[in-house]
Amino acid sequence: MNERPTKEEYASFYEGYIQLVPEGNVIELLEQQGTQVNTAIRALTEEQGNFRYDAGKWSVKEVFGHLIDNERIMSGRLLRIARGDVTSLPGYDQDILMSSHPFESYTMIDLAEEYAAVRHSTALLLRRLSTEAWLRRGIVNDHPASTRSIACVITGHELHHLSVLRERYGIKL
1 MNERPTKEEY ASFYEGYIQL VPEGNVIELL EQQGTQVNTA IRALTEEQGN FRYDAGKWSV
61 KEVFGHLIDN ERIMSGRLLR IARGDVTSLP GYDQDILMSS HPFESYTMID LAEEYAAVRH
121 STALLLRRLS TEAWLRRGIV NDHPASTRSI ACVITGHELH HLSVLRERYG IKL
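According to the UniProt record's numbering, the sequence shown is numbered sequentially starting from 1.
What the hints contain is simulated information worked out from the structure, not anything from laboratory work.
The beta-carbon is built from N, C-alpha and C at its ideal position, and this holds for glycine as well.
Among the hints, a few may not be true.
[To be verified] Between beta-carbon pairs, the in silico distance windows are:
1) G84 <-> G170: 27 to 35 Å
2) R4 <-> S88: 18 to 26 Å
3) E15 <-> Q94: 17 to 25 Å
4) F13 <-> L79: 18 to 26 Å
Turn these sequences into a full structure, and let the hints steer you where they fit.
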């Protein structure tokens, strides 16, 4: 899918993520991003993975864990909307998810494997969508959401966090 979503297809708080996504086929962008990120995760040491740039901030492992969790949730939303489910879908609290799961116990290889599996699953889902499915709309957390907007949010959300990893954690990606 090459067409960008219109502003009516997503909540305004996703605008920043969607604007980060470069023009082009979002599936190809997502797959390229997945390959690059997986390579980067595998290159990090355990010490780098446990680094926090400040007290109370997520570790590098937790940032990657958050990306995995978010993609799973967003892909589930995307699937339901793409298949025509008009049920209003709930939001989620990232801090609850992060506080209840021990990403620090993961090795960097564990994170790379889980990230790769989730990204592969998302890409397969997107590759098999019809044109009609890409344009379907639903409601998420009381806001409009289209299949294509969620695909862009997944990609842009990750771009945002990769920028944070470079700027605040000193991780070369």
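Comparing the hints with the structure gives:
no., hint, result
1, G84 <-> G170: 27 to 35 Å, "violated, 45 Å"
2, R4 <-> S88: 18 to 26 Å, "holds, 24 Å"
3, E15 <-> Q94: 17 to 25 Å, "holds, 18 Å"
4, F13 <-> L79: 18 to 26 Å, "holds, 22 Å"
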